[in-house]
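Whenever a hint applies, use it, and build me the whole structure from the sequences.
There are 2 protein chains.
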Amino acid sequence: MAQVQRMSRLMIKTLRDDPADAETLNHKLLVRAGYVRRTAAGIWTWLPLGKKVLENVTRVVREEMDAIGGQEVLLPALLPKEPYEASGRYDEYGDLLFRLQDRKGADYLLGPTHEEIFTQVVKDMCSSYKDLPVILYQIQTKYRDEARPRAGVLRGREFQMKDSYSFDTTDEGLAEAYQLHRAAYIRIFERLGLDHRVVSAVSGAMGGSASEEFLAPAPAGEDTFVDCPNCDYAANTEAVTFVATAADASAVPAVEELDTPDTPTIETLADFLGVPASATLKNLLVKVDGEIVAVGVPGDREVDLGKLGEHLAPAEVELVTAEDFVGRPDLVRGYVGPQGLEKVRYIADPRVAAGTSWITGANKEGVHARNVVAGRDFEVDQYLDVVVVEADDPCPKCGTGLRVDRAIEIGHIFQLGRKYADIFSLDVLGQQGKPVRVTMGSYGIGVSRAVAALAEQTADDKGLCWPREIAPADVHVVAAGKALQTELALDVAAKLGDAGVRVMVDDRAGVSPGVKFTDAELIGVPKILVAGRRSAEGVVELKDRRTGEREEITVDEAVARLTADLA
Amino acid sequence: MAQVQRMSRLMIKTLRDDPADAETLNHKLLVRAGYVRRTAAGIWTWLPLGKKVLENVTRVVREEMDAIGGQEVLLPALLPKEPYEASGRYDEYGDLLFRLQDRKGADYLLGPTHEEIFTQVVKDMCSSYKDLPVILYQIQTKYRDEARPRAGVLRGREFQMKDSYSFDTTDEGLAEAYQLHRAAYIRIFERLGLDHRVVSAVSGAMGGSASEEFLAPAPAGEDTFVDCPNCDYAANTEAVTFVATAADASAVPAVEELDTPDTPTIETLADFLGVPASATLKNLLVKVDGEIVAVGVPGDREVDLGKLGEHLAPAEVELVTAEDFVGRPDLVRGYVGPQGLEKVRYIADPRVAAGTSWITGANKEGVHARNVVAGRDFEVDQYLDVVVVEADDPCPKCGTGLRVDRAIEIGHIFQLGRKYADIFSLDVLGQQGKPVRVTMGSYGIGVSRAVAALAEQTADDKGLCWPREIAPADVHVVAAGKALQTELALDVAAKLGDAGVRVMVDDRAGVSPGVKFTDAELIGVPKILVAGRRSAEGVVELKDRRTGEREEITVDEAVARLTADLA
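Chains as they are written, first to last, in our numbering: chain V, 7 to 573; chain G, 7 to 573.
A few of these clues could be false.
Since the list can't tell identical chains apart, any single copy or any two copies may satisfy a pair.
[To be verified] Below are the DSS-like pairs computed for lysine-lysine, each with C-alpha atoms no more than 25 Å apart in a straight line:
(1) K34 x K129
(2) K87 x K110
(3) K58 x K129
(4) K370 x K349
(5) K19 x K136
(6) K57 x K136
(7) K488 x K136
(8) K468 x K19
(9) K425 x K87
(10) K440 x K19
(11) K468 x K58
(12) K293 x K313
(13) K136 x K58
(14) K129 x K57
(15) K129 x K19
FYI, nobody ran anything at the bench for these hints, they're computed from the structure.
Next up, the structure:
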């Protein structure tokens, strides 16, 4: 027997106006409809309705994790520093980590993710290949001290996450655990009613499966991704690669210098010469661990410094400043060209393929050069995909122009391999009696973030609009106001409750029917049942929250229909 | 259909020996049976079996809180400092509070309890008397930086708690919310199978109901309590009162001084005079906010400094030191008596009632006085219950000798009144259109502590021994080892699982039957079903974990019986 939630007793307060600090839909609507309240920047209170939705998401995640043989555990959130020092992450996380000391001055952190501790748990608990494989998971509060917590519960500093970890003795075992998670995640997001894409999170034209992200397309998303309208390719924009094709430069004349006064930028140069920016080669100078490096990309493209940083990590990438040119006559600001740049390492985008010909700086003030051919007039030390991906860039699998969209990252699956097992010497006794190093996977779902993503994807101009499995109730019964109508509403709610339907009933006194209808739309329960003007006849109005379709039916029919929907 | 948990796939490791650092039964057994592991001092990892038990306790608590109309919410654990500064608790908690700063240097704390934040939530959400009463609860991770985290999960620094808060406009409403919680707590502890006592946590001969504790008697407990073998009186020892009876001193002669050289202690004095210690009056000197105060108790009793401190809070109580006697010729160390102690405030235990006659110090070195009568020869400025309670002290309700026992505090209910509403100006519009100050109650259950208490109370010399509702499974099926036995065990487990019985089946290969039996006893599932030597006939052994009773029955009968037990 499901609970009947009477709104007269529910702690709920709806707001007509968006909160002043809200920029995203989920923030506006979850606050206005009384699901959450902000306690501090990026730190949220889940009110009764919000807690129900969070619990529904949690249940789905738990059921599907159990179905793949995951074993639920609960690790602490307050963690000793030492394991994270061993892995190097105590420092690597930088300001993202909440750090604290206990009364004795010992260092602790609030866990952002638990690879280190899980590795230690398995090292303690498992000693033989017979004890593996194992998939462990927890649904737990996590902490990240975001620089700009924003977008409501989408990017909080305290948030709920499901994290799981697989432990295997073989690469095949890891691949299997990875596929189990991949399939479970697809089922989870389907049950949640989240429109989602599985995209490659690693470079590689073939879309390697060592790491994939689950993205929920939404304008409020902080991730961008591409997908191909022709084939199944989809990737985080940071993972998109460009397949280089060498060009035939045999007909290209020799390098020729051109006087190009006052053309230190691509725009001024292209204007001056009357050529498209794409004919020019842009050379960005950066410092990599303090050493000056030039990065070459076509003049019409932007360098993605984030991508460059990830390629070169753990080295630090910084932009050059005026001081870096002091004592370097070889570096002529605004007129750098890769030819003759002997003392500088040269990194280029694959578009600067062997045989391609460019207009670029001549390393002299006010002078450029044309017919500068890659591989003939200069050498590329390292090719890296470093340009910002744009719509219509070619699909690395089939060449079709890609689409670019914004999305919310709702899941991530990752074959870690032996990184943490190496750090903590996690071995088990193998079948041959010798120690075998364990290989690991790590898999996450943002549980509170999934609530935000659902709100973003399903809301309309009237308010929230939950899929049934996630909604705080199955049916929202509205008593229009008169005593007879309230009586009927409570009666039908009781009948539905007895039949196992989760019911909310708006029996508030002194609230106008108009406010009740508006609130019902804002709160977003999938079916709305109104005990209104035909209550005396036992006729109610059944409305679908999403489509707005409404019909007048008898109470018995309404109960029968809504109960049947459950099956 | 319940899950069948195969031990061959469960991450479990049992230990034959107690962990070196374990002092209490729950610590020893929960670690040995593979329920928990220590991650840091007072910080625990709940392994798969432990997580199941924790979840079972959580479910019972949630169901009973829902049944009294509690609305579940989830507040953050990472909390801004300001509300706790407003209440004064940011400082009052002292070292018990985990404090930290975010990347911008703003101060935060890890919540030990949430009165402040709940008050703010209700202030935001409720504006009229119509919005009340409200009971809000959460089941959440709490933090206390204990000086000596010990006793396993009994006293952790990170732990699970159910905390709830009631909000009412009237004292009668608060009393009702308090009674609802009291009844719900009794149902919860009954369902958990915890032997428990509800004891008064406040002084007062009538056992005031403004605060009561729920105690689970156990030798490992850190609380002591008394109960009366004759009536229903029970109280925390700190709350026990003594009902004073004035004595008739009309026949007592005048005060007489006695030379009592070298008798600065009660023992030496009683010895010297050949009287019982109870005939003497002990006067302890303490400093209360720096002022010297004398505390008089019968010579055979100890002063409970904790009790004294609570009575006098927020004043600070310290013991005097040698320096405090400098320049105070009126204070003769070891020979203090209340008569003639003019400049010193005199607090006494109610046993020093008007008309009682004592041997006490004469305020001269080496001299005592007898026939010193309270109310005749000295005045008591304030009577306070300050002695350590002992077995056979009279029950304040019926006079019968009390019993004293150790226990674990598993719950606490408390009528807070308007303390926090005053701090945060929590008013709602009353029925007469004027603001009404809200009154609150606060109620806690230690969820992880309840697991420890259950382990302490139910374990026997073979291991853990859970009540069915809390056990990680209903039935533990043991396959003795041969292929046929394993086949039968898995078959019967599947049948039980299909019938909704929660089953664990020990299908581990290469583990001897003896180890499996020992493990089953250690793990403590209430029923053990062994597929052993009569497996070929379809006969299994059904054993009750608690009583040890065993019988051989057919598989069908076993399934029928165990399924019927569920109903």
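Status of K19 relative to K129 across identical chains (alpha carbons, at most 25 Å): between (49 Å within a copy, 11 Å between copies)
Homo-oligomer pair classification [K58, K136; C-alpha up to 25 Å]: Between. Shortest inter-copy distance 23 Å satisfies the 25 Å Cα cut-off; intra-copy 40 Å does not.
Alpha-carbon proximity between K87 and K110, which holds within one copy, between copies, both or neither at 25 Å: For K87 and K110, the Cα distance is within 25 Å both inside one copy (14 Å) and across copies (21 Å).
Same-copy or cross-copy closeness of K19 to K136 [CA-CA at most 25 Å]: Classified as between: cross-chain Cα gap 12 Å, same-chain 55 Å, threshold 25 Å.
K58 and K129: within-copy, between-copy, both or neither at 25 Å Cα: Answer is between; shortest inter-copy Cα gap is 22 Å, intra-copy 37 Å.
Homomeric proximity label, K468 with K19: Cα distance no greater than 25 Å: within (17 Å within a copy, 54 Å between copies)
Copy assignment of K129 with K57, given that the CA separation must stay at most 25 Å: So K129 and K57 pass the 25 Å test across copies only (19 Å; inside, 35 Å).
Intra/inter-copy verdict for K293 and K313 if alpha-carbon distance must be at most 25 Å: within (15 Å within a copy, 67 Å between copies)
Up to 25 Å CA-CA - K136 versus K57, copy category: Answer is between: at 23 Å across copies they meet the 25 Å cutoff, but 40 Å inside does not.
Alpha-carbon proximity between K425 and K87, which holds within one copy, between copies, both or neither at 25 Å: within (18 Å within a copy, 39 Å between copies)
Status of K349 relative to K370 across identical chains (alpha carbons, at most 25 Å): within (16 Å within a copy, 96 Å between copies)
Same-copy or cross-copy closeness of K488 to K136 [CA-CA at most 25 Å]: between (68 Å within a copy, 18 Å between copies)
Checked against the numbered hints listed earlier, the structure breaks none of them; every hint is satisfied.
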